[in-house]
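Peer 1: Now for the letters of each chain:
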Amino acid sequence: MESKAILEVRDLEVYFPIKKGLLKKKVGEVKAVDGLSFTLKRGETLGLVGESGCGKTTTGKAIVKLIEATGGEIYYDGREILNMSPREFKAIRPKLQMIFQDPFSSLNPRMTVGDIIAEPIKFHRPQENIQELVEHYLELTGLKKEQLSRYPHEFSGGQRQRIGIARALALNPEVIIADEPVSALDVSIQAKIINLMKRLQEELGIAYLFIAHDLSIVKHISDYIAVMYLGNIVELSPAKELYQNPAHPYTKALISSIPIPDPRKKKDEIILKGEIPSPLDAPSGCKFATRCPYATTKCNNQRPKMEVISNNHQVACHHWKKINS
Amino acid sequence: MISKYLIVLLGFNLLTLIFSLSKATNNQDNLISYLIFALLTLALGFLINKVRKTNQTDSNIQTTSNLTWKKLKRNKNAVFGLIIIIILVYISILAPFIMPHDPLEMNWGKTIQKPSLEHWFGTDEFGRDIFSRAIYGVRIALGIGLLAVVLNTLLGTFLGLIAGYYGGRVDNLIMRAIEMWNSIPFILMAIALIAALGTGLLNLILVVSITGIMQFARVIRSSVLGLKKADYVLAAKVMGIPDRQIIIRHILPNCIAPIIVLATLRIGEMILTIAGLSFLGLGIQPPMPALGSMLSSGQQYISENLMMSIVPGTMILLIVFAFNLLGDGLRDALDSKLSN
Amino acid sequence: MLNYILRRLLILIPILIFISLFIFVIIKLTPGDPALVLLGERATEQALNQTRIKYGLDQPLHIQYFKMMENFFKGDLKSINYKQNVISVIINRLPATLELGAAALVIAIIVSIPAGIISAIKRNSVFDYISMSIALLGISIPVFYTGIILMYIFAVKLNWLPASGYGGHIWTTEGFKYFILPAISLSFVLMASTTRLTRSSILEVIQEDYIRTARAKGVKEKSVILIHAFKNALVPIVTNIGNQVAGIFAGAVLTETVFAWPGVGRLAVNAIFRRDEPLVFGCVIFLSAVYVIVNLIVDLVYTLINPQITYD
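Residue numbers (numbering that gives the first Met the number 0), protein chains in the order written: chain A, 0 to 324; chain X, 0 to 339; chain B, 0 to 311.
Keep in mind that the hints were calculated from the coordinates and are not lab data. Treat the hints with care, since some could be wrong.
To be verified - Facing chain A, a subset of chain X residues (Cβ under 8 angstroms, in silico):
#1 240
#2 247
#3 249
Said to hold, decoys possible - Far from chain A by the CB rule (all over 12 angstroms, computed), these chain X residues:
#4 72
#5 239
#6 248
A virtual CB, placed ideally from N, CA and C, is assigned to each residue, including glycine.
Bound-form chain A, shown alone (with noise of 0.2 angstroms):
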């Protein structure tokens, strides 16, 4: 039996005005998302991987509410929330929380870490013992209780990330969108931060939304990938899938670019010719023709939709059957 869907994202459009000139009028659109699509279930994970500059970020911030969102619809939990007015948000936040790529920056370096956990508890739930469930939530993520009194520059950036989920976990969500929650840590602190993530999803059932630059670290962690081209997801598959049986050109070339740890075996690189084209001036037809080896005059005239290829596995591309024969 399917689990329900914890979060759910329709069609979502996030454009950004260009002002230019005395008046500010608007000029242009920068269109960071442009009909985005994708169901997250409870306790899953859902990897969401592109270059940088593809949208993925500024899609976790418009689910958050950090960005506003022009366009689309999220559901949370059966309810669509950017409608929702500002008071009835304020209820389902504490079940939406994130995690940040900057260990450095995502800690206010003027608070205890004790008093960093405990912000969001005061907040949300008074009247409980607070020092009790800082401590705890500091402990679960592998932290010891008698660091609470100190300050974050004097933690490692592991520590810290983990110091940002506690804080995230202490409002016990049901999601956590992780903005490329490990790219700033070393190689051998990733897996283990990658691993305490596994570990809270089993024991507390929180659905991620991993939003990463890189194939590689998405792979453990994820059920499903959904891999994100200039603002449009291009491909939607369960992990596995994904790695095997790669159906859009453009996965196809991330997948390439993963480096094989064996000298043995030879590696097929596929090397993208062209660049990524501005989110200025985004081409009409599919977003990729300019940089596909297979693309045709109706790739620069339609847009893709995504269609279904076998079970849960989706790509937006025209020609997919072709390639993949």
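Guided by the hints, dock chains X and B onto chain A, whose structure is given.
Peer 2: Quick look at chains X and B alone, frame taken from chain A:
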């Protein structure tokens, strides 16, 4: 280490308190001094307690205030300035007890006298002792100056915070309003306002505190603009923390450094401004001793008694000099931390 | 660029309107009857009333305001005390202040910039130490105290120069004698702060990489300092001068008071004291306009020396 100095001060405070208990406290001035002194003693006590506690837990904790203090201590000039300020503050508080003469007491037989044993710096045109008036003038200058700077800082910081944090229309409105306000040369505005509102002490403080907020607001605003984007501020928003708490807990503590530097340098400016207004007859009114107005009379009688001008002028110079030394030192100590 | 200048000048209009309203309100809040001040305490009620009617003081406030504005711009606003056109009264006294202010500015720049540069180059030398100490003293000393000290030394004790007053244009020998002491007093604070700033600005710039590159390329040291370093150090210096303009205004008022210099600063102050409403009105608007224009000039100079800043 700091606690050593503080304990010395505390001891001095206690001794003086006990000693002055013996003096009559029916004079209103004496009462104010006594109260302030008592408060100061209490404050010192608290400070020593706090320093003791932080030293106990972990001497390795390098909080920013520790680092800043260490850097400041190394700057001899700044320490020198700080010492002068402390001495001046103590003189001001103890003024009613240590003045040789009553600063308001006129003596028609002894006007414009040159320095003598009885009157160390001579007397003014009303026969009043210049030395006592100067000490009292310092007391008033420091008191009013500090109060005005506190108000000025609060106002400028508040506006800068709101403009920077909320941005958009609010920002525009506040900054344009401040620019308009700034387009009248300060001195004209001050004179006109005082002429309109009257010359009382309260009016003076009011007028002086609402001027020159442009600099404060600008600096704070640009700090806030940068801090607003920090991840920990975003995290607080995602957690649903209300704006007011974000500003107070996350933004404000991280831009305190420029506030402190500016405020310290402001004190010097304020005191010069108040002295200037007093010189023109618009500041602190006679018969209250004001260093600026003393200079004004001193100019008239400059050939008869030079001390009438030198004493108040040098006192103003000394106060502002000390605060500038301290402010410079603070700026250096905090700046290098910022660039680190 | 021209666009920018035009825009800034256009903003002058709402600013002046704001200022005029503001100062009008303040004037009207000021206690004291201009008629009483003019005619003295012994005047009869009838005479007072006549005077009031003559100067339009009996009209409702908004009419008074509009009348004042109208008259001011027509050139018809009359001072109560001087019985002359407000604008001509101001223009009469303007040269004195302009000469004083401009001279103070020039003196300050001529002394402070070389002093600052030398202090920076010979860091921690005796020269540096002395000049920085004097500079620190300079920004801490009230301008009227400087004036009084100078007056005492040179006019009272040594009797080389007159103590106060105006002796004609400053480029005449008579005029120069009267003007030198007030000019130095006024320039002292600006001199001090500019010296400090020049020194710190040059020190900062000298450490930049492009200076090292210039030296490595073999550019002569003198040229390195004067051309490369100085141009870039100029930016904060000009900004500082811009910030000090208000201070120079205030300093001018105080200096004119100390030396009885017949400038617009003293004119404005006395007008306020004497409740000469039209004159106060005219002075504040005029001086504020001058202030805004001076700030604009400073900003333009700023763009000349800092190619990175463009206003579009």
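Peer 1: So, for every hint listed, does it hold in this structure?
Peer 2: Now the hints, each set against the structure:
Nearest Cβ of chain A to the Cβ of residue 240 (chain X): about 6 angstroms, under the 8 angstroms cut. The hint holds. At a threshold of 8 angstroms, the smallest CB-CB gap from residue 247 (chain X) to chain A is about 12 angstroms, leaving the interface hint violated. The interface hint given for residue 249 (chain X) holds, since its Cβ lies 5 angstroms from the closest Cβ of chain A, which is under the 8 angstroms cut-off. For residue 72 (chain X), the shortest C-beta to C-beta distance to chain A comes to about 22 angstroms, beyond the 12 angstroms cut-off, and the non-interface label holds.
Distance check for residue 239 (chain X) against chain A: the nearest CB is about 4 angstroms away, which does not clear 12 angstroms, and the non-interface claim fails. Its closest Cβ contact with chain A, about 7 angstroms, brings residue 248 (chain X) to no more than 12 angstroms, contrary to its assignment away from the interface.
Consistency note: the structure conflicts with the earlier hints numbered 2, 5 and 6.
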